[in-house]
Amino acid sequence: MAFLNSFKNFLSLTPMIFAVIGLVAIFQVFVSPKMLSRFFGHGEIADIFSGTFIGAISSGNGAIAYVVAQGLKHQGISDYALIAFILAWTTLSFTHLPAEASVFGVKFTAYRNLLTFLSTIFIAYLSALSVRLFF
Amino acid sequence: MKKFKFKGVKFLLFVVALFILLSIFDFENIPRIMDKFGIILYKIIPIFALVIVLTALINYFLKPKQVMKYFGKDSGKKGLIYALIGGVLSHGPMYAWYPMLDDMRKHGLKYGLIANFMYARAVKLPLLPFMIGLFGLTFTVIVNVYILIFAILQGKVIDFLMKNEKEILKNDD
Numbered sequence: 142m143a144f145l146n147s148f149k150n151f152l153s154l155t156p157m158i159f160a161v162i163g164l165v166a167i168f169q170v171f172v173s174p175k176m177l178s179r180f181f182g183h184g185e186i187a188d189i190f191s192g193t194f195i196g197a198i199s200s201g202n203g204a205i206a207y208v209v210a211q212g213l214k215h216q217g218i219s220d221y222a223l224i225a226f227i228l229a230w231t232t233l234s235f236t237h238l239p240a241e242a243s244v245f246g247v248k249f250t251a252y253r254n255l256l257t258f259l260s261t262i263f264i265a266y267l268s269a270l271s272v273r274l275f276f
Numbered sequence: 020m021k022k023f024k025f026k027g028v029k030f031l032l033f034v035v036a037l038f039i040l041l042s043i044f045d046f047e048n049i050p051r052i053m054d055k056f057g058i059i060l061y062k063i064i065p066i067f068a069l070v071i072v073l074t075a076l077i078n079y080f081l082k083p084k085q086v087m088k089y090f091g092k093d094s095g096k097k098g099l100i101y102a103l104i105g106g107v108l109s110h111g112p113m114y115a116w117y118p119m120l121d122d123m124r125k126h127g128l129k130y131g132l133i134a135n136f137m138y139a140r141a142v143k144l145p146l147l148p149f150m151i152g153l154f155g156l157t158f159t160v161i162v163n164v165y166i167l168i169f170a171i172l173q174g175k176v177i178d179f180l181m182k183n184e185k186e187i188l189k190n191d192d
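First to last, the protein sequences are chains S and X. Numbered according to the numbering used here, the first sequence spans residues 142 to 276. Numbered according to the numbering used here, the second sequence spans residues 20 to 192.
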């Protein structure tokens, strides 16, 4: 019975899951790493914001974020912008927003994503500050 | 008996409409998109299986009262630690975990712990060697400690912001 209930709950979310996968597939085809790299290189603070925003609109496996970040690092983009980019990639996703809202409600989704957006910027900035102050 | 209802149907219709538009205006990319779709689906099928089994086990072993005890409003530090560990250990895309979180939420899981779980997922254990290679050990440790601190803070803020949501939750059910 527990298994059946669990399966039914999963089944009820399948339209949402297929929609997210479809949207992620579209993004992966149309948004290339080369395209993303154009948004960087405008100063540390601007790059942290760019990293957060670009990470949020990108989607795919977390490992891809590291590969893209490695390419960006070779272009001289700061570690802090790259951290913002990786964190946003793994915790924020515009393509997931409708799905998250349909499961947890608009209010929770709005609050959580706003907090995640701010946390990403703070973590990137505080990490930079900590390294400068203590190491 | 609760009525079975699909979630996200409008969202799916929107994506289908997008596919139709793309097949009219940019047909040559459709096979690439379908390939990506297949690859993503293939990769997350094992995670879906894991999520279904985990949800079933939680339903079987933890009755709603126990879910409330361990993950509800009075769950305290234990609930927080479970949520953080769960977030760090969970794999795959976030949306693969929605069914389990949704099920637990219906049994009393508080919103703050969902936020803890979701943000703690930024600590990617299998990718830590990549991160160390890219940023060095010190920076990696600092970033991951901050991630956990901010996961906890997010949970606290979400609990505060969502404290009046309980009645809405009841109406949802």
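Warning: the hint list may mix true and false statements.
As the list claims (entries may be wrong) - Pulled a few chain X residues facing chain S out of the computed Cβ check, cut under 7 Å:
no.	residue
1	Val34
2	Tyr79
3	Tyr101
4	Ile104
5	Asp121
6	Leu146
As the list claims (entries may be wrong) - Result set (PhoX-like, lysine-lysine): computed pairs, CA atoms no more than 25 Å apart in a straight line:
no.	chain 1	residue 1	chain 2	residue 2
7	X	Lys82	S	Lys149
8	S	Lys149	X	Lys22
9	S	Lys248	X	Lys62
10	X	Lys92	X	Lys29
11	X	Lys29	S	Lys248
If you're looking for bench data, these hints aren't it; they were derived computationally from the structure. Yeah, the Cβ is synthetic: ideal placement off N, Cα and C, and Gly gets one too.
For each hint, the structure was consulted:
no.: 1; hint: Val34; in the structure: 4 Å, holds
no.: 2; hint: Tyr79; in the structure: 4 Å, holds
no.: 3; hint: Tyr101; in the structure: 19 Å, violated
no.: 4; hint: Ile104; in the structure: 17 Å, violated
no.: 5; hint: Asp121; in the structure: 5 Å, holds
no.: 6; hint: Leu146; in the structure: 6 Å, holds
no.: 7; hint: X/Lys82 / S/Lys149; in the structure: 18 Å, holds
no.: 8; hint: S/Lys149 / X/Lys22; in the structure: 11 Å, holds
no.: 9; hint: S/Lys248 / X/Lys62; in the structure: 31 Å, violated
no.: 10; hint: X/Lys92 / X/Lys29; in the structure: 32 Å, violated
no.: 11; hint: X/Lys29 / S/Lys248; in the structure: 18 Å, holds
Hint compliance for this structure: hints 3, 4, 9 and 10 are broken, all remaining hints hold.
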